[in-house]
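One line per chain: the protein sequences are A and B, in this order.
Going by the working numbering, 549 is the number at position 22 of the first sequence; the sequence numbering is gapless.
Going by the working numbering, 215 is the number at position 179 of the second sequence; the sequence numbering is gapless.
Simulated from the structure, these hints should not be mistaken for lab results.
Take these hints with a grain of salt, some might be off.
[As the list claims (entries may be wrong)] Just a sample of chain B residues kept apart from chain A, beta carbon distances all over 10 Å, derived:
| # | residue |
| --- | --- |
| 1 | Glu-63 |
| 2 | Trp-86 |
| 3 | Asp-92 |
| 4 | Asn-137 |
[To be verified] Derived list of chain B stretches under chain A, where covered just means 3 residues or more per stretch with a C-beta under 8 Å from a C-beta of chain A:
| # | region |
| --- | --- |
| 5 | 105-112 |
| 6 | 138-144 |
| 7 | 174-185 |
| 8 | 209-218 |
| 9 | 267-279 |
Glycine included, every Cβ here is placed at the ideal spot set by N, Cα and C.
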Amino acid sequence: MAGSKNKESKSKVPKVVPQKDHYSRISYLLNASNLFSADSKYDILARGYSRNLDLVSKKTVIKLAPALKRSLCKKCNTLLIPGLTMSMSIENTSKKQSPHNDILIHKCISCNTVKRFPVGSNREYVVFSEREDVKITSE
Amino acid sequence: MDKNNNKKQDRSSSVKKPAIAKNSLKELEKKRRQVFKPILDNPFTQSSQWPFVSPDIASQIIDHLSFLLSSVGKHNELKKQQKSLAGDGPQISKQIVVGFNAVVSALESQAQVHKSISNISPDSNQDSQYIKYIFVTKNDISPPIIISSFPVLAYTSSRSESDRVKLIQLPKGTMEKLSSILSIPNTGILGMAKKIPEAFNLFKLIDEHISDVDIPWLHGLFDRKSSPFLPPVINFLSTSAPILPKKNDQKKKAKANND
């Protein structure tokens with residue numbers, strides 16, 4: 528039943544994406560930012576590109592996937608690559624060290640901005656856009 | 037809960053005038069149509085980069101691990117019983133890192149190699165502490181966001197293209213085994229240094245059967261010239277939107293005027 532429903536909904540998916548050029552531009556900027564963030568000599572340039580990316584997506588009102596949005600620092604727009612520009616840790620400040628207080632921390636190395644994910648509060652949590660009945664991947 | 041209910045009732049009673057009951061916000065909310073919203077996804081995929089481990093190899097690896105770690109586990113247990121016992125423990129325990137924070141911080145310090153512009157020869161500093169093998173009980177740890185960045189981290193913390201960090205995913209249920217062996221609760225992530233003489237056979241097995249982590253979009257780290265361009269990935273979200281009356285309906289207006 529679910530399978531047939533999925534098929535049905537898949538056929539309704541529009542084939543043309545309006546304003547595809549903006550999507551391409553954002554993706555291109557991300558590529559550029561990634562290219563330059565490999566070398567710490569160009570980190571300002573890389574940041575500039577990803578800042579541009581953020582501005583374009585806001586101006587054109589284009590929805591970015593959470594995975595993409597989380598890969599940019601909110602404050603300084605650095606492309607966050609684990610090990611290179613981002614450090615991770617799990618924090619648990621509760622006295623009993625109870626597992627539901629686990630918090631995953633992503634810290635931008637260049638500006639020390641911290642992004643906290645309360646991982647322990649709901650272990651089964653899936654981001655809305657990643658849920659199986661919601662996300663439709665294009666081939 | 038009660039408060040909420042009261043509020044809802046209040047609001048609906050104030051909004052709902054008998055004449056426009058059909059167009060009340062509450063009524064409109066019920067009618068929704070299915071829409072597909074385009075969403076730009078990350079072209080740098082993060083999830084599907086775990087090297088494959090066949091179940092046969094995995095069970096062999098677990099056997100090796102339980103043999104290696106048993107001495108460390110015994111020491112840990114002793115430590116728990118007598119807190120005064122502050123010995124160094126077996127030799128091997130220096131070469132093993134346990135737990136998310138310890139492993140990640142060790143890998144991050146390894147990744148510093150790429151940051152320094154003047155490439156200090158990586159072999160000089162702490163060769164014995166180079167963590168080359170990471171064991172992750174992938175399916176025992178939830179939510180997946182905790183370990184989703186491990187492939188990338190393994191790649192960035194590699195010393196060179198030929199000497200990359202191996203990432204080994206272990207099957208479901210291994211977390212319990214490891215924690216009971218080590219007598220540390222919730223042990224799902226292990227890091228091992230390259231030079232452990234006792235683990236020679238284990239490492240040989242891994243090197244032969246498990247492929248390296250490959251992150252195409254980070255090739256620029258080792259080879260400045262090759263960094264691929266990835267095309268945009270546009271997916272769709274199937275959600276719903278309310279059906280609202282048209283704001284400026286010319287046909288309706290014309291009809292009204294004719295009447």
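Task: Violated hints, by number in ascending order, as checked against the structure - done: Going through the list in order, the structure violates hints 4, 5 and 8 and respects the others.
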